[in-house]
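I would like the entire structure built from these sequences, with the hints used as guidance.
Protein chains in written order, with the numbering used here: chain W, 1 to 505; chain V, 506 to 884.
A portion of the hints provided could be inaccurate.
[Unchecked claim] Cut-off 20 Å, straight-line C-alpha distance, at most; resulting in silico cross-link-like pairs (EDC-like, lysine to aspartate or glutamate):
| id | chain 1 | residue 1 | chain 2 | residue 2 |
| --- | --- | --- | --- | --- |
| 1 | V | Lys628 | W | Glu430 |
| 2 | W | Lys368 | W | Glu493 |
| 3 | W | Lys91 | W | Glu367 |
| 4 | V | Lys541 | V | Glu516 |
| 5 | W | Lys402 | W | Asp67 |
| 6 | V | Lys882 | W | Asp296 |
| 7 | V | Lys544 | W | Glu372 |
| 8 | V | Lys627 | W | Glu430 |
| 9 | V | Lys541 | W | Asp355 |
| 10 | V | Lys514 | W | Asp389 |
| 11 | W | Lys292 | W | Asp194 |
| 12 | V | Lys541 | W | Glu430 |
| 13 | V | Lys514 | W | Glu392 |
| 14 | V | Lys879 | W | Asp461 |
| 15 | V | Lys878 | W | Glu441 |
| 16 | V | Lys879 | W | Asp296 |
| 17 | V | Lys541 | W | Glu392 |
Source of the hints: derived by calculation from the structure; they are not laboratory data.
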Amino acid sequence: MSIAFLSTNLPFLLAAIFGAMFPILSYVVYGLIGLMALLYIGSIFSQKKPTVNGSGKNVKVLKKGFDIPVKGAPQGEVLAAKTTRFALQPKNFPYIFPIPKVPVKVGDHVHAGDVLFYDRDRPKVKFASPVSGKVIEIQRGAKRSIAEIVVEADGQQSYREVKSINLETISREDLVDFLAENGVWPMINQRPYDVIPALDAVPRDIFVTTFDTAPLAPDASKIIAGKEVAFQGGLDILRKLTSGKVHLGLDGRVAKVSTAFSEAHGVEKHWFAGFHPTGNVGVQIHHIAPIKNGEDIVWTLGVQEVASIGALVTGQKYDASRVVAVGGNQVEKPKYVQTYMGAMMGDLLEGDGQDGRIISGDMLTGEKKQREEFLNYFDNQVTVIGEGDYFEMFGWAMPTKKTPTVSKTYWRGLFPSGKPLDIDANLHGEKRAFVMTGEYERMLPMDIYPQHLMKAIITADYEKMEGLGIHELSEEDIALCEFACTSKQPLQEILRQGLSELYAE
Amino acid sequence: MGLLDFFKKIEPDKQKSGFLHTLYDGFFTFLFVPNKRPKNASHVHDHIDLKRTMIFVVYALIPLYIFGMYNVGHQHYLAMGEMTGLTEGLGAKFLYGALKVLPIYVISMVVGLGIEFYFAYKKGHGIEEGYLVTGALIPLIMPASLPYWILVLAIVFAVLIGKEAFGGTGMNVVNVALLARVFVFFAYPTSISGDAVWVSGVDGFTGATPLAMASSGGWTEVISHYTPEQMFWGVIPGSIGETSKPLIILGALFLLLSRIASWRIILGGIIGMSVMGLIFNAFGGSNAYMNVPWYDHFLMGSFLFAISFMATDPVTAASTNRGKWIYGLLIGAIGLVIRVSNPAYPEGWMLAILLLNVFAPLIDYFVLQGNMKKRLKRA
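What follows is the structure, given as structure tokens:
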């Protein structure tokens, strides 16, 4: 065939081929429509359902939310760690006076339970050293605030003397003073606002969640092993402090939970099953007895905190021992470590997790830390994930990604397998105005409109903020919405700003 | 990566040449997702971003563009009485259609994105991607014979008054693409209504759309000119992109699958229009238009296009789940009322959606009030 022949005949040839195809094009379109419809129906049916394994129990199943499938879940027995340095960080308590009173000096020897600092506004509430040893550093931060008070453990673990009390006869005021004096009062968290409760405030109810659904969170039965008596002791103390009830949120996803939880007495038990954030105490409060307004005070505690409070009576000592989960896809050997509150990150990691972002807490709510920094007060988890410092060519156009997603624009989001994947801290986009709607509602198993609440906070509409339920929320509850957000809005920051404004009023 | 290094090297200085930097930033982030990381929690984020969301809508519109080009050419040659068969002269029809449609698309993008870039530079933030979709929707809802200067005016009006005046992407009250159409509709009615505009390039030829026929003679008048198959596949006169029903359904399913369009709005719209159609059928009396069978309303006009791509714009639609149902239902019902009972407006969806865009915050307000009242009742 010559070029001349082609150039004269090619248009006709192409038209002829295309013309012959034209009648079957309609079938192609019908086929595509059928395929789309099948995929759509398939994706609806392939949505994961929460595992429920509480035969004979009254399990509340929450269908919204998402378990981010990440590699590096902690496993195995609880190991003894060679942790030597511990610190208390006043900045962990957002609303206390930034320059607390520090009665110790560098070089002083302290026992576990000795006071390291206290708030000038409320001198009765003591913050106690988790270990016995030598105070080696009082680090100052901006504007002469105290950043951290570091204690080097002596390895003996001697305790400050705790006088014995009779729980049956002691008055409420004396009990409160006893707790504050012995350094466990800051372990109690007050909702709304997430603050240390006032000494004279009587909470409507007290809520304890006994499972954590956050990514790579520690298994509560490992945390509580050996502390069953102290846990029950803590519940007994808490019962004396409220006019209402102590509510225990239990894990309805697994067949068996620790007997410390399932056989706890003197408390109301509530079984929950679902994805993250079902394990969050805020979600559980919403389904048990919701917070009504800013004056409707409840207290929340974690498992280890309850055990620490209980140990004051059952063990007669200030026991700040903690089981910490070390996990994340940048950790070679994810593990459980036996240590004390506020341990140094580098000690916990023991050389593991060399490159990546080290986080105190879980990857949704935690704080970025250096190796020589310390675990935050309430955290019992260290996460190391990739830093994500890269530019991704046409990243927004790729049909699939090997990272966890809830977006149905990815195959993995359409048909989730639940297989653990790598994850990193890259934002995967840039911050934009709120555009998509209905995204947050799918991530929050509460009767709340998060996006409208966020807009109310940004526009400082206090009445609307309160009406839409800001008092029921804490950062951890909407962290998953932030993960799923198309517009990359910093929801936790916005929520805290709103809570701070209301708290200041 | 060589390309990345090259792009980093040519980055203009932000202080010295701000507009150039905005432009550069727009193209750079189009090529590369930047290495931004959050300082604080949450440390992990999903891969979805606004670029991907917007581009998925554009994907859904691509088949409509291809078919639109063909149909513009087809209608042109049909009116001239040449190559009247569907498959005759495909190349010529495509070429003719492409020469009509592509300039409209290019003008839409250049004018709209130009304004967007300028405002991004003025406000000092990144270029937001909203116009990618708006700019792709505008050509599809215009007649191919529209003069370019009217198109430019319409886009400038819609983007400036409809969007930038309210604060840019995510802040607009009404759908920007529909605002462009409504501008043409009221400012230059002869260029977008009547029977003469729907076939391009043939002077004096009037190619009435099924809606005009139904208005004068009901369904019997319509099917004496077009078969239902023709209307379904869209080989009839009309706007560039809203005639082919199967391709619209394909695009809508694609958006539903990827959860970018809200199924509540689409289903609500379909139910709303069906119910209103049934009511008209039942109480229509001797009015020919009211007696058009309710299911045949899906074949005529641009209902499917409007409910799939226009009503589902998340910024201007109701934002609560319950609100979306109400919003969709009302669009379906009101749009059909306008279509059937108001001879001044041959098609109802443009006005129905704009109307409901304005009322969407009110719908949300009542839904939110309900939520707030429930909370107050507990106290």
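Hint check:
| no. | hint | result |
| --- | --- | --- |
| 1 | V:Lys628 x W:Glu430 | 16 Å, holds |
| 2 | W:Lys368 x W:Glu493 | 15 Å, holds |
| 3 | W:Lys91 x W:Glu367 | 12 Å, holds |
| 4 | V:Lys541 x V:Glu516 | 17 Å, holds |
| 5 | W:Lys402 x W:Asp67 | 16 Å, holds |
| 6 | V:Lys882 x W:Asp296 | 14 Å, holds |
| 7 | V:Lys544 x W:Glu372 | 18 Å, holds |
| 8 | V:Lys627 x W:Glu430 | 18 Å, holds |
| 9 | V:Lys541 x W:Asp355 | 18 Å, holds |
| 10 | V:Lys514 x W:Asp389 | 18 Å, holds |
| 11 | W:Lys292 x W:Asp194 | 15 Å, holds |
| 12 | V:Lys541 x W:Glu430 | 7 Å, holds |
| 13 | V:Lys514 x W:Glu392 | 17 Å, holds |
| 14 | V:Lys879 x W:Asp461 | 19 Å, holds |
| 15 | V:Lys878 x W:Glu441 | 19 Å, holds |
| 16 | V:Lys879 x W:Asp296 | 16 Å, holds |
| 17 | V:Lys541 x W:Glu392 | 11 Å, holds |
Consistency with the previously given hints is maintained throughout, with no hint failing.
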